[in-house]
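Listed here are the chains, written in short residue letters.
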Amino acid sequence: MRNMMLSCSKATELISKKDVVRLTLKERTMLWMHTRLCALCRNYEKQSALIDRVLRKQANCGEEMQHTMISNDDLKNRIVHKLDQQ
Amino acid sequence: MDRNNATGSVKCWVELYADSMYTWALHKTGSKEVAEDLVQDTFLVAVQSFQKFEEKSNPKTWLFAILNNKISDHYRTKLRAGSVFLPETITDPFDDEGRWKSDEKPHTWPEEGTHLLDDGDFLRVLDLCMKGLPDTWYSVLQLKYLDENSGEQICQELGISPTNFWQLLHRAKLKLRKCLEENWFKT
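For the record, the sequence lines run as chains A and B. The first sequence begins at 39 in our numbering and counts up one residue at a time. The second sequence begins at 7 in our numbering and counts up one residue at a time.
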């Protein structure tokens with residue numbers, strides 16, 4: 039039984055790992071047991087999921103995000119010139 | 007659709023969208039030169055594959071999709087070229103027994119705002135925290151979330167093991183979490 043208990047360090051590793059590869063049944067069980075008992079890692083798991091959502095949205099919704107627009111007229115002229123040459 | 011027609015439309019899009027594309031690319035890459043190259047490449051691709059663009063769809067969405075691919079490519083190349091996958095030193099948030107150190111414990115965050123991403127202040131904090139990450143980690147995060155590919159595909163492309171990949175992601179996330187907690191959720 040004692041061997042089945044993960045440390046917080048290992049538990050948080052599994053939380054990241056499960057996002058990339060499928061956990062084994064043993065890993066899933068151990069993680070489940072750990073988070074049942076450990077409020078800190080439960081917090082961490084929630085926060086990790088929130089960070090995932092935030093980063094995914096931040097990465098893919100570029101055009102909707104409010105960044106102060108930087109205009110670059112040189113670039114525009116250069117591109118138009120390039121297009122004409124094509 | 008003939009070539010002149012394509013060039014004409016795309017030139018018009020340059021006027022309309024190049025600035026917001028440049029702003030986005032600059033934000034994602036942090037480099038003026040890289041951002042300019044990526045935006046220019048995007049428009050060149052747009053002319054070449056103009057027939058794939060359906061009139062019905064929104065040109066801005068289409069252009070941003072191409073641009074985001076270019077940004078992914080950029081990070082992919084960068085990571086491949088760097089091949090520095092050695093873990094960079096960070097303060098380990100855990101003690102020797104693998105328990106959270108007392109000043110690293112994850113606090114309960116206030117009710118997570120669903121509108122977090124509409125909050126300009128939060129975005130600025132997120133940005134700062136991201137920029138504070140070591141270069142490789144930053145690239146890995148960008149690739150992971152920008153790319154629609156699965157983690158396993160990304161690993162294959164980069165030629166790294168899934169273990170390497172998730173361990174990098176893990177370290178990056180631990181650091182990001184701490185930074186967000188200290189600079190946003192705690193205050």
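No lab work stands behind these hints: they were computed from the structure. We put the CB at the ideal spot given by N, CA and C, even for glycine. Don't take every hint at face value.
Simulated pairs of lysine-lysine, DSS-like, Cα-Cα distance not exceeding 30 Å [stated by the list, open to error]:
1) K58/B - K114/A
2) K114/A - K111/B
3) K56/A - K137/B
4) K66/B - K64/A
5) K84/A - K111/B
6) K58/B - K48/A
7) K84/A - K184/B
8) K120/A - K111/B
9) K58/B - K120/A
10) K58/B - K56/A
11) K56/A - K84/B
12) K95/A - K114/A
13) K56/A - K38/B
14) K107/B - K114/A
Stretch by stretch, here's where chain A covers chain B in the computed footprint (C-beta under 8 Å, at least three residues) [what the hints assert, rightly or not]:
15) 20 to 30
16) 48 to 58
17) 137 to 151
18) 172 to 183
Hints violated by the structure (numbers, ascending): 2, 4, 6, 8, 10, 13 and 14
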